[in-house]
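Taken in order, these protein sequences are the chains called L and V. Under my numbering, the first residue of the first sequence is numbered 1, with each subsequent residue one higher. Under my numbering, the first residue of the second sequence is numbered 1, with each subsequent residue one higher.
Treat the hints as calculated values from the structure; they're not laboratory data. Since the structure is predicted, the reported quantities are computational estimates derived from the model, not experimental observations. Keep in mind that a hint or two might mislead.
Heads up, the list lumps identical chains together, so a pair's fine if it works in one copy or across two of them.
Stated by the list, open to error - Calculated lysine-lysine pairs in the DSS-like style (CA-CA distance at most 30 angstroms, straight line):
1) Lys413 <-> Lys25
2) Lys94 <-> Lys419
3) Lys232 <-> Lys161
4) Lys94 <-> Lys25
5) Lys424 <-> Lys94
6) Lys25 <-> Lys424
7) Lys413 <-> Lys424
8) Lys296 <-> Lys94
Protein chains: 2
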Amino acid sequence: MTENTDGYEQNRTKFIQNAQVNGEKQDIYIDECGTIRSVGTDISKEFRGQAECIIDASGMVAIPGLVNTHTHAAMSLLRGYADDMHLQEWLSEKIWPLEAHLTGEDVYWGTKLACLEMIRSGTTAFNDMYFFMKDAARAVDESGIRATFCHGFIDFDNPVKRETEIAATKDLVRHIKSAGNPRLQAAVGPHAPYTVSREGLEWCAEFSEHEEIMLHIHLSETEGEVSGCIEKHNMRPAAFLDSCGCLSERTLAAHCCWLDAEECSLLGRRRVSVSHNPSSNMKLAVNRALPYQALKDAGVNITLGTDGCSSNNNLDMFEEMKFAALLQKFYWNSDTLLPADEALAMATANGATALGIPTGVIQEGHPADIVLIDMATPSMVPMHNSVSNIVYSCSGGAVDTVICDGSILMSDKFIPGEKDILEKAQETSFRLVERANAPQ
Amino acid sequence: MTENTDGYEQNRTKFIQNAQVNGEKQDIYIDECGTIRSVGTDISKEFRGQAECIIDASGMVAIPGLVNTHTHAAMSLLRGYADDMHLQEWLSEKIWPLEAHLTGEDVYWGTKLACLEMIRSGTTAFNDMYFFMKDAARAVDESGIRATFCHGFIDFDNPVKRETEIAATKDLVRHIKSAGNPRLQAAVGPHAPYTVSREGLEWCAEFSEHEEIMLHIHLSETEGEVSGCIEKHNMRPAAFLDSCGCLSERTLAAHCCWLDAEECSLLGRRRVSVSHNPSSNMKLAVNRALPYQALKDAGVNITLGTDGCSSNNNLDMFEEMKFAALLQKFYWNSDTLLPADEALAMATANGATALGIPTGVIQEGHPADIVLIDMATPSMVPMHNSVSNIVYSCSGGAVDTVICDGSILMSDKFIPGEKDILEKAQETSFRLVERANAPQ
Numbered sequence: 001m002t003e004n005t006d007g008y009e010q011n012r013t014k015f016i017q018n019a020q021v022n023g024e025k026q027d028i029y030i031d032e033c034g035t036i037r038s039v040g041t042d043i044s045k046e047f048r049g050q051a052e053c054i055i056d057a058s059g060m061v062a063i064p065g066l067v068n069t070h071t072h073a074a075m076s077l078l079r080g081y082a083d084d085m086h087l088q089e090w091l092s093e094k095i096w097p098l099e100a101h102l103t104g105e106d107v108y109w110g111t112k113l114a115c116l117e118m119i120r121s122g123t124t125a126f127n128d129m130y131f132f133m134k135d136a137a138r139a140v141d142e143s144g145i146r147a148t149f150c151h152g153f154i155d156f157d158n159p160v161k162r163e164t165e166i167a168a169t170k171d172l173v174r175h176i177k178s179a180g181n182p183r184l185q186a187a188v189g190p191h192a193p194y195t196v197s198r199e200g201l202e203w204c205a206e207f208s209e210h211e212e213i214m215l216h217i218h219l220s221e222t223e224g225e226v227s228g229c230i231e232k233h234n235m236r237p238a239a240f241l242d243s244c245g246c247l248s249e250r251t252l253a254a255h256c257c258w259l260d261a262e263e264c265s266l267l268g269r270r271r272v273s274v275s276h277n278p279s280s281n282m283k284l285a286v287n288r289a290l291p292y293q294a295l296k297d298a299g300v301n302i303t304l305g306t307d308g309c310s311s312n313n314n315l316d317m318f319e320e321m322k323f324a325a326l327l328q329k330f331y332w333n334s335d336t337l338l339p340a341d342e343a344l345a346m347a348t349a350n351g352a353t354a355l356g357i358p359t360g361v362i363q364e365g366h367p368a369d370i371v372l373i374d375m376a377t378p379s380m381v382p383m384h385n386s387v388s389n390i391v392y393s394c395s396g397g398a399v400d401t402v403i404c405d406g407s408i409l410m411s412d413k414f415i416p417g418e419k420d421i422l423e424k425a426q427e428t429s430f431r432l433v434e435r436a437n438a439p440q
Numbered sequence: 001m002t003e004n005t006d007g008y009e010q011n012r013t014k015f016i017q018n019a020q021v022n023g024e025k026q027d028i029y030i031d032e033c034g035t036i037r038s039v040g041t042d043i044s045k046e047f048r049g050q051a052e053c054i055i056d057a058s059g060m061v062a063i064p065g066l067v068n069t070h071t072h073a074a075m076s077l078l079r080g081y082a083d084d085m086h087l088q089e090w091l092s093e094k095i096w097p098l099e100a101h102l103t104g105e106d107v108y109w110g111t112k113l114a115c116l117e118m119i120r121s122g123t124t125a126f127n128d129m130y131f132f133m134k135d136a137a138r139a140v141d142e143s144g145i146r147a148t149f150c151h152g153f154i155d156f157d158n159p160v161k162r163e164t165e166i167a168a169t170k171d172l173v174r175h176i177k178s179a180g181n182p183r184l185q186a187a188v189g190p191h192a193p194y195t196v197s198r199e200g201l202e203w204c205a206e207f208s209e210h211e212e213i214m215l216h217i218h219l220s221e222t223e224g225e226v227s228g229c230i231e232k233h234n235m236r237p238a239a240f241l242d243s244c245g246c247l248s249e250r251t252l253a254a255h256c257c258w259l260d261a262e263e264c265s266l267l268g269r270r271r272v273s274v275s276h277n278p279s280s281n282m283k284l285a286v287n288r289a290l291p292y293q294a295l296k297d298a299g300v301n302i303t304l305g306t307d308g309c310s311s312n313n314n315l316d317m318f319e320e321m322k323f324a325a326l327l328q329k330f331y332w333n334s335d336t337l338l339p340a341d342e343a344l345a346m347a348t349a350n351g352a353t354a355l356g357i358p359t360g361v362i363q364e365g366h367p368a369d370i371v372l373i374d375m376a377t378p379s380m381v382p383m384h385n386s387v388s389n390i391v392y393s394c395s396g397g398a399v400d401t402v403i404c405d406g407s408i409l410m411s412d413k414f415i416p417g418e419k420d421i422l423e424k425a426q427e428t429s430f431r432l433v434e435r436a437n438a439p440q
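Using the sequences and the hints, build the whole thing.
And the structure:
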């Protein structure tokens with residue numbers, strides 16, 4: 001029993017009745033292991049009687065739990081701390097000085113806050129890169145959702161720093177694997193081609209292969225990264241990563257705004273997944289949008305992520321789906337690019353594929369990661385097309401119920417323990433700012 | 001007493017205590033006329049005792065009711081009916097055939113739905129252009145919020161059609177003025193330079209001046225409108241409108257994506273207000289963003305609007321503030337353009353100025369159009385900067401209480417009569433689609 005779910009009956013069979021699934025009124029039966037045993041229009045006779053818990057989903061649309069493939073969850077503590085500044089000033093005067101004072105306890109409460117926000121807006125799995133990740137894992141374990149954790153590996157071509165990062169990465173992976181919690185996964189996280197040496201990247205690639213874990217990296221967010229890489233390595237960033245062995249079906253590359261056609265094709269051949277982060281890219285004015293059509297044509301698995309709260313500033317994947325669908329249409333000047341069904345797939349099935357988890361669909365045999373959206377919300381009326389309403393009209397505020405791995409985490413918009421987490425996160429954040437601004 | 005507010009005590013003095021106003025904990029006293037009598041940190045002794053109704057706003061941020069300066073409210077009925085299509089196909093195959101079957105009753109229920117959505121997301125005034133506007137006015141009157149109505153005047157250079165439009169406009173203005181409801185205003189609404197003849201535009205300009213009412217028009221949404229205008233009139237659209245007398249301090253021009261520098265300067269000299277509609281512009285791929293800095297430099301009053309629900313697809317002004325602040329940064333490649341405080345001003349004070357209504361500020365002597373936002377929402381925590389959280393992080397779902405003209409329209413997220421309106425709007429919309437698709 002996890003802290004956040006004290007209020008609800010867990011590990012019990014559940015019967016969700018009258019949910020709208022893929023445009024049809026259906027029932028869903030969840031067994032005691034949290035697995036979807038059956039979905040259909042006429043399963044009531046067989047399963048309703050055996051269920052220990054009945055969830056009435058009349059007037060609700062059921063979708064798979066959303067998957068956020070690029071976050072720095074504990075940066076929720078920095079939400080609104082510094083906005084509308086030039087990128088370099090923002091980093092050097094605001095973000096880095098604050099991060100220098102971060103503790104494991106800060107990351108714990110920042111991640112608790114992030115999980116709360118994700119549950120409230122229908123996200124049941126995320127892919128996280130930050131520091132003090134054992135504390136982040138403790139927070140996610142308690143929250144009841146899923147996450148993949150990597151230590152942000154940065155060596156700046158310094159061999160001593162590299163050894164520290166290797167040790168930290170090994171320690172985290174050992175820690176997560178030994179916990180044996182199916183909701184928690186480890187990854188290796190070389191920060192970016194411009195912050196990690198060739199040796200560091202090669203080690204990360206080998207370690208990812210050896211441990212059979214994801215490799216999570218930032219790729220070509222800004223134009224400057226591309227020119228810097230060409231200057232230093234005489235190759236564009238994707239080619240450089242490939243030469244270090246970093247591109248494989250285990251790789252998740254975030255941002256990818258400045259990929260050229262050849263790089264898109266390379267990512268497709270290597271079966272890489274990418275994470276589109278439209279809000280962050282717009283707010284930080286990166287000046288180009290992810291080349292969606294070229295990546296799609298190359299067969300790349302395209303997913304969706306919010307990035308951290310200091311550059312977005314929230315974790316609402318509904319809002320992010322809309323930003324993605326609209327930014328692609330606007331930037332590439334095509335009113336039919338990235339239609340609603342593809343945006344929803346990015347945020348569900350594609351994300352699950354990238355993370356190597358069996359969620360992202362509501363189907364027999366898959367874990368019950370299910371979100372119920374209230375149709376009695378003005379932005380969901382009229383219901384001509386539920387996918388269109390989900391992507392273009394409603395926000396995370398329309399989510400009524402969230403189930404992850406068969407456990408109810410939010411019901412009727414109520415999350416047990418929410419108030420306490422909000423207060424602790426607020427205090428933690430204010431204390432962090434105080435410490436960072438105290439006279440040295 | 002209006003239909004939507006049956007559940008709450010109206011026309012009574014109110015004392016809002018402990019709200020966070022402009023970063024400081026303050027109380028607000030509202031008199032029996034719905035006017036803010038006092039705002040301050042120490043007004044409790046003088047006013048709390050006289051108030052007939054106490055509103056506890058501890059843990060709430062108070063902002064002025066939001067002002068949506070460009071809508072086609074009843075198009076809420078078409079939400080999700082047709083997305084991800086080419087513009088011309090979308091209009092000719094989907095939107096126009098449906099609109100050909102619209103009735104006054106449809107517009108009434110569509111506007112009821114729109115008002116519900118606006119109240120829920122903190123909007124207390126909007127500027128509407130559509131058809132059957134007497135029915136729209138009836139819906140707004142009942143909802144308790146404010147609106148300015150114009151009949152969408154389209155003559156396509158046809159003198160007979162022009163006379164019909166003139167009659168419809170005169171009739172609507174007479175109707176709204178004779179109702180004498182201070183929440184309802186009339187305007188004249190020449191649709192756009194490419195749909196209205198010079199004679200039609202000149203009549204609208206004179207009528208606006210004579211009646212002392214706003215002139216609401218679409219301007220330079222697409223590049224094609226600009227080249228079409230140059231071809232037909234040998235002038236860019238703003239210059240053409242000016243030659244018809246259509247640019248004055250009473251004018252609200254929506255979209256304005258394709259204005260050049262000279263047009264921005266002209267709008268500034270004529271004291272025109274513009275409405276930025278970022279979501280709609282992105283979704284319809286208009287290929288340029290409103291020239292915010294040039295308009296600001298020219299002294300133009302810049303406001304914010306959602307456009308109609310078939311091209312957005314919602315009426316959430318919180319989401320629209322974020323789209324505006326992010327689109328400007330992204331398109332004009334400046335990470336400091338349109339900061340949060342300017343986005344909030346566009347959605348409040350600037351909008352009120354454009355509509356000529358005394359709202360948009362929480363100050364003594366102004367009508368009590370006040371929105372309370374719940375700070376105990378994950379996306380509002382931590383509260384380093386309330387304006388940043390309002391613009392970049394929270395959505396309309398964080399709104400707890402809405403007061404318009406001193407009347408409580410939503411309290412604790414509850415709006416009396418909501419369920420009935422949702423059902424009726426859904427039925428109305430489905431019947432409209434049936435009629436439009438029935439064999440002729």
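Hints, one by one, checked against the model:
no. : hint              : in the structure
1   : Lys413 <-> Lys25  : both (22 angstroms within a copy, 28 angstroms between copies)
2   : Lys94 <-> Lys419  : within (28 angstroms within a copy, 47 angstroms between copies)
3   : Lys232 <-> Lys161 : within (20 angstroms within a copy, 68 angstroms between copies)
4   : Lys94 <-> Lys25   : between (50 angstroms within a copy, 27 angstroms between copies)
5   : Lys424 <-> Lys94  : within (22 angstroms within a copy, 51 angstroms between copies)
6   : Lys25 <-> Lys424  : between (41 angstroms within a copy, 21 angstroms between copies)
7   : Lys413 <-> Lys424 : both (21 angstroms within a copy, 25 angstroms between copies)
8   : Lys296 <-> Lys94  : between (37 angstroms within a copy, 28 angstroms between copies)
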